[in-house]
Amino acid sequence: MTTTRSMIANIVTLSRRDLRDALASRWFILYSLAFVALGLCVSYVSASSAGGAGLAGFGRTSAGLVNLVLLVVPLMGLTAGAGSVAGDRERGMLTYLLAQPISRWELLAGKYVALAIALSMSICVGFGVSAMVMSLQRSTADASGYLLLVGLTILLAMSMLSIGMLISVLCRRAAVATGVAVSVWLAMVFATDLGLMAGTIAMKLSIETLFGLAVASPLQVFKMWSLQGVDASLDVLGPAGLYAQTEFGGSLKLLFLGVMAAWTLAPILVAGWVFNRRALL
Amino acid sequence: MIQINHLTKRFGRSVAVDNVSIRVLPGESVALWGANGAGKTTIIRCLTGLYRYEGTIQVDGHDAVRHGKRVRQQIGYVPQELGFYDDLRVSAAIEFFATLRGVSATSTDAVLARVQLDGHARKRMRELSGGMKQRLALAIALIGDPPVLVLDEVTASLDSAGRREFVALLAALAQADGRCVLFASHRLEEIEALASRVILLDRGHVADDLDVYAFASRVKGSAVLHLTPADPVDDFEAASTQLIERQA
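Just so you know, the protein sequences line up as chains W and P, in that order.
According to our numbering, the first sequence holds residues 1429 to 1709 in order.
According to our numbering, the second sequence holds residues 175 to 422 in order.
Do not rely on the hints blindly, as some may be mistaken.
[What the hints assert, rightly or not] Simulated DEER-style distance windows between Cβ atoms:
hint	chain 1	residue 1	chain 2	residue 2	range
1	W	A1452	P	A330	26 to 32 Å
2	P	T230	W	G1627	51 to 57 Å
3	W	P1667	P	E228	58 to 64 Å
4	P	V393	W	R1600	33 to 39 Å
5	W	M1521	P	H236	55 to 61 Å
6	P	D261	W	K1632	53 to 59 Å
7	P	A295	W	M1521	17 to 23 Å
What the hints contain is simulated information worked out from the structure, not anything from laboratory work.
Bear in mind that the values here come from a model prediction, so they are computed numbers and not experimental data.
We put the beta carbon where it would ideally sit given N, CA and C, even for glycine.
Chain W extracted, bound-state conformation:
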């Protein structure tokens, strides 16, 4: 009981320290501003494409934001995570912190919690300002889809943060970790999409295989889940979407949740295992 209490106390202390550091950092401010600006742009463009002027409602904006989130949020999560442990190691802080009565798991958990809160705040600020402006325009239809998108975006950010922290634990230098994170981002955002398209055409993949491959990627799962949330169907994704709906029906959301949870938990657990076993310097 005392051990658990001291463990939680250490995680809270460490995360409060790192959260203050993250909120004061340039990346947090830049990402939040970028989110606000891009969210407003997407909303405006969505309205214009619908033939109207000014800002669009929540439903159309949500659909437009899905692609924006797919580009920006993985980069946020991966780079924030990649800089965490490797940055501290480079500054000589890691050896000093770990000479204190804390465990490596507590240190990693403290960092994860701090960055997860900072990322969630950044996402909420970005989405929140867009939502506020749209509410002022009295276009509040489909607000639930918009809220679902916010939740899914945070979930995507958590999984990307996990992968980023695994990279950070594996790399000795912060610059290398950031480089690897950007490469992973490129691979996930562009190569996965292009790979799936190319694979379908060149290798004549069956719909089952195509769906199986798509579900293995957290980005594709985010895309399918959020589009389903906005549109209530996956018709927009073509045969693979129809296949998913026919085969999985109501349990599709559970499948998506399972995949996102696995992509959030597995990398951070592996990171903890590696961090616990290897020498720090």
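Guided by the hints, dock chain P onto chain W, whose structure is given.
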């Protein structure tokens, strides 16, 4: 208090510490002496749980691997250089480490006064000089009055005046209340001021274990002063003639 048995630490194929056994009793102040690469810092990093190793290390009867947190609770650690958040205020740093060490009621002013840093609580870390940072690290190490103090070449980054001040402060504080001190150094003046016993390390082995007087007489007796000209000359006679001519 500290019991190190058959400690071996390898980095790939190279052996940094080879079968080292050291015992430090309560109230004792033991120096680890040796050239760079002798294994001083490696032993300290094994003790503070930063490295995995072969052999056993116990502090107050607790195994440093199995009860790492409990062991580190008993150790106040001062590194070569304090690397920490530059934007953090001194008072916030003290509160942060006091909470991690499980010491809730800490008076920041009292902690700072102990290391003569009174009046610096509002300063940010980046505003402190090297010597002040080391004093702050010592203040943090002494939070909660741990029975063991471990110092890793703590004056390496200080100038000679800063070094003298810091060693004087250490001599006054380190061994108070029968605290056990283990420190790495290759400076004779530090060892004479702080140590009661000296363990000589040579390429990862314990070469000798002496009391400080025997050590001092051995080191002073064997000291050789080497003077090397900044601009070496091959022909000393020709160079002196040239110099005399130039002066004339």
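Status of each hint after checking the structure:
no.: 1; hint: W/A1452 - P/A330: 26 to 32 Å; result: 31 Å, holds
no.: 2; hint: P/T230 - W/G1627: 51 to 57 Å; result: 55 Å, holds
no.: 3; hint: W/P1667 - P/E228: 58 to 64 Å; result: 59 Å, holds
no.: 4; hint: P/V393 - W/R1600: 33 to 39 Å; result: 37 Å, holds
no.: 5; hint: W/M1521 - P/H236: 55 to 61 Å; result: 26 Å, violated
no.: 6; hint: P/D261 - W/K1632: 53 to 59 Å; result: 57 Å, holds
no.: 7; hint: P/A295 - W/M1521: 17 to 23 Å; result: 21 Å, holds
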